Amino acid sequence: MELSRVEIITNNSKIESLRNALGRFGISGMTVFQVLGCGVQMGTREYEVEQRTEPTLLPKDMVMLVLPTKEVPDFLKFVSEELYTGHIGDGKIFVSQVTNVLRVRTGEEGYEALLLKE
Amino acid sequence: MNEKKLGLPSVIATGIGLIVATSCLLSLGIGSSAIGLTFIISMIIACVINILFALSVSELNTLMPNLTGGLAQYTLACCGPFITIVVMVGGYLFCNTLVGSAECAMFGNTIASVFPEINIPASIYCIFLLVLLIMVNLNGVDMFAKIQNIVAYSLIVSLFILAILGTIKANPATIVTQPAVLSSNFKDITSLCGLAFFLFIGVEYIIPISNQVKNARKKVPLGMVLSLVIVLVMQIFMVLGFHNYTPWGALGESTTPHVLYGTLLLGPIGTYWMAIVSILAVTSSINTVISALAYISSGMAKINLLPAAFMKTNKKGAPYVGILASGGIMIVINALGLSTSEELSFLILTGCVFWMIAYIVTHVNVMILRKRLPKAPRAFKVPGGLTIPIIGIIGIAWMIYNISSDIEVRLQIYKLCLIVFAILAVYAYIWVKKIMKVKLFKAFPVSKVMAMENDWYHVYHNPGKIRLNIEGVEPNNKK
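Sequence lines, in order, name chains A and B. Okay, so the first sequence: first residue is 20 according to this note's numbering, each after it adds one. Okay, so the second sequence: first residue is 13 according to this note's numbering, each after it adds one.
Bound-form chain A, shown alone (with noise of 0.2 Å):
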């Protein structure tokens, strides 16, 4: 089964609520990192009257998790509808291939390694 990783860049005040929303997903595993970093506006905040020049790092969170390939629209869907307020800052969605994963315990690789198993 192919496997996608899902990076999540967001506001901080927004982790609690994703983190309940992706269990109500059925989400089990996710790695959230604290994190500093900028988009297209260098971290221009929406009420600024000019845009900054030069960038600046504000603090985020970021939200790592693999899933199947084939869930991942509608799990986007999902995850942009939690997200979404309307202001800048929202946050950003990356998708990428995994090209495999191994449970280190017990040595199950792919989609095998991903499940919860007695």
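To be clear, the hints were calculated from the coordinates, so they are not data collected in a lab. Treat the hints with caution; some may be incorrect.
[Claimed, not checked] Quick list of simulated restraints, FRET-style, between CB atoms:
no. : chain 1 : residue 1 : chain 2 : residue 2 : range
1   : B       : Ser459    : A       : Val51     : 22 to 28 Å
2   : A       : Glu69     : B       : Phe172    : 16 to 22 Å
3   : B       : Leu398    : A       : Val114    : 55 to 61 Å
4   : B       : Phe172    : A       : Arg71     : 56 to 62 Å
5   : B       : Phe453    : A       : Leu55     : 37 to 43 Å
6   : B       : Gly329    : A       : Pro92     : 45 to 51 Å
Quantities reported herein were computed from a predicted structural model and do not represent experimental measurements. Think of the CB as a built atom: it goes at the ideal place given N, C-alpha and C, for glycine as much as any other residue.
Given the coordinates of chain A, assemble chain B onto it according to the supplied hints.
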């Protein structure tokens, strides 16, 4: 993070409370007396058209959530400042003032009908009430904040009880025998759709509470639709009750049909029951209208669509310019005299036309954003592509065309609307060109309209010009 507390019953309760006003009962009486039970068909058509609007406004709310200005901000992001000022700021404020004046007239009429022996014109009671409420609002006191819902719900529950008692002929002693249908001509039925539309107007007021609703994406649209359907059912029972207890002629002439109906159904108990409940409801409604219009004007001034004077607050924190303007206009309208049901009906229908145009623009907004942001996440999307907004536009336009069966009244309504729109267009042209200095029909980006909602936007964009009550320090990452 704010905890979301409201469930579907709260959304429905709020919706019904906001849609039903005492002046709706006047429209119900006038419509029923004109064609009899077939007015129910006009009501069903008007309700369906309002449900289509509710769906459109729900989609806009999911695309641009938690906006305080509502319809105006959607329009600013879709049609640009000129149309926003003419239709959503001027027109919307104007029609709310007209409808508020009609509601106020119901206060005077109710007192005059309960105490006919006191020889004071009904308009004097209205003016007294308005002056009192202006002073209360200027003092920054919302004396109805705690009892507003109780008052609104007591009116609705009372109406439901009376409507069902009338429908089942609970009091056989005073039953009236009269034809059920006065006209089944389709043209007569459609010409009353405009009047019937007023019975369901105002569902958009649910939007401001949507950020407190659990699972708002489903419950807000569902709550809006169910509110409209429940109001329809209640009013159908009311019409059936009218048929059993109030002669059609007397119903059409009465300026307080609910009091008349209560009297004929239950005698003096019915009179006082309906009078007390409706006086409380009217007072709290007008208080809300004065306060809401002042705050909406202040919000519009904040996004530079109205003069900055509307943002000014007195020592008590009340936006006094808006309070004095809206209350003052209502005093003038009531002083000019609203003593007959024809005058009140004219005022309501004129207000309705402005309101309907605002609803048409809202449907257009949905279509524009579907084209401009086709892939933006929509937690709620009106089903069937553009079909529902298009049917909604055609339906409302058709109701505006049939706003009154009397051609002379219809022309007078159109004339008044054109005059008001012409004045607003001149104001909007000068304001957009000279003050805002932007293109008339160039829509603002959605992100900019959303940013304008942030109080810090005004601190940065209007330094020293606006005194805002922002707590705490500038957020590092507040959006």
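Note to self: Please list, smallest to largest, the hint numbers that this structure does not respect.
What the structure shows: 2, 3
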